[in-house]
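With the sequences and hints as input, model every part of the structure.
The UniProt record's numbering puts the first residue of the sequence shown at 1, with every later residue one more than the last.
Source of the hints: derived by calculation from the structure; they are not laboratory data.
Check before you lean on any hint, since a few could be wrong.
Okay, derived cross-link-like pairs now, EDC-like style, lysine to aspartate or glutamate, Cα gap no bigger than 16 Å in a straight line [unchecked claim]:
hint : residue 1 : residue 2
1    : LYS49     : ASP88
2    : LYS24     : ASP70
3    : LYS258    : ASP244
4    : LYS24     : ASP37
5    : LYS258    : ASP217
6    : LYS24     : ASP127
Restraint ranges, calculated between C-beta atoms of paired labels, are given here [to be verified]:
hint : residue 1 : residue 2 : range
7    : ARG214    : GLU248    : 37 to 47 Å
8    : ARG260    : GLY222    : 25 to 35 Å
9    : GLY203    : SER45     : 34 to 44 Å
10   : GLN130    : ARG260    : 18 to 28 Å
11   : ARG27     : GLU207    : 23 to 33 Å
12   : ASP37     : ALA133    : 20 to 30 Å
13   : TYR157    : SER57     : 24 to 34 Å
14   : GLN194    : ARG71     : 18 to 28 Å
15   : GLN175    : PRO257    : 43 to 53 Å
Note that CB positions come from ideal geometry on N, CA and C, so glycine has one too.
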Amino acid sequence: MRKPVIAALATASILAAMPAHAEKADRLTTLNGLSADGAESALQSRGFKYITSNTNSMGYTYSYWWDASDRNCVQVEAYSGRVETIQDASDSDCHHSGGGNAAAAAGVVAGAALLGALLSHKSHHHDDNQHAAHAEHEAQYERGYTDGLHNAAYHNYERSDHYANGYQAGIEQRQANLSHHHGRGGYAAVAQYQDLQGARAAGGMEELSRRGFRQVDNFTSGNGRYSIQWRPESRQCLQVIVADGRLEDLRDIGQHPKCR
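Structure follows, in structure tokens:
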């Protein structure tokens, strides 16, 4: 997985210049393809204030921007430091009430309690990039998302697809949040390897060797070549898949008969 380089959007500071009147997302398409810094400055000059952001397990960063003058929330999708898309988002995505379909439903059915829950997950966590129109469905999704995010037991007592979808989205976000962690504790330092995803095979294997890994097994399957890499100092056992001359997938499989 490639690591995102969109930190500027996630840690945006507010410029001192007076903002101009903001625009809807369909009038912001000229920002597509801009760098993180360029998009940040352009949005602020149009009256938008950075609210929040997070990155999913695929490396896409979603940031939310709010213009108070016309109560407008937009979502910016970025990857590898470049803006991919900009689209309108619900007011609740920018931590404001009213305007979004789910937030409006919450006001009728469940009031402030559900609105508070809506702030925990964002539109992009849904497959269709939209909050559920029905407040009960959105509440089920939110409960599932919260359970999955915090690694709670799967508890779908309503047998709801919305809970199930939310739970999976929560798991994916938890994995993205913990992408820096190697899944092991203790005091021994571990070697990084995720940044080599997509690297050329020869250079990637040399870099693994420099980081203390040694190949203990290899085999082919289909169009891929599999290499088992062992680092005894940190007891990391990697499975590396090489395809089309690149490191297609690297993962710590924990154990292997030859990782010892």
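message: If you test the structure against every hint from before, which numbers come out violated?
response: Hints 3, 4, 6, 7, 10, 11, 12, 14, 15 are the ones this structure does not satisfy, whereas the remaining hints hold.
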